[in-house]
Amino acid sequence: MALFSPAPYHILSYGALLGTTFFHTFVGGIISFQVLPRPQFGALMAKIFPVYFSLQAALPAVLVLTYPGSRNPFGVAAGVAGVLDPSNRWSVLVPLAGALASAVGNLAAIGPATTRVMQERRVQEKKDGKKSYDAPPHSQEMVALNKRFSMLHGISSLLNLATFVATIVYGFTLSSRLS
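Each residue of the sequence shown is one higher than the one before, starting from 1 at the first, in UniProt numbering.
Treat the hints with care, as some may be off.
[Unchecked claim] Under the rule of at most 27 Å between Cα atoms (straight-line distance), these lysine-lysine pairs were calculated in the DSSO-like manner:
1) Lys127 with Lys47
2) Lys126 with Lys47
3) Lys47 with Lys131
The set of hints was computed from the structure by calculation and includes no laboratory data.
Throw the hints in and build the complete structure from the sequences for me.
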């Protein structure tokens, strides 16, 4: 019975990972930035990112646990053993580990650091009487905070893109199993 097979959970987890990553990166985030005032956009993203990065980290783990092995009893095993099988190193292990590592980096380090700098900028805006995104000149403190924010935001964006690319790469492997 398909209910007890890991395969449907694997496909659903893959779809959720690809769908949420695609939508947030290329649709929801962009539209939110375009229509919301900056303070509201920042507040929204500060609430969304922990949930989003948690999903991005959890779903590759679910994909590893539900990896459907070969139907041949002498073929590749299911689950973690199948992902770690040498025949799957480049097509399964590397993309899933890459997606997981990128998401965990955003969840555990880069995302929280970016949020902290955003909060520091709000405090500095009150001191300076000027928004971080207003035209220059800015105080030296704000220039440093803007530079740190830009760097962290860029790293976060690259990690998010790495998760997306790794998910697409794994999708090609997954689709090759359909026959």
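*Would you pick out the hints that fail for this structure and give their numbers low to high?*
No hint contradicted; all consistent.
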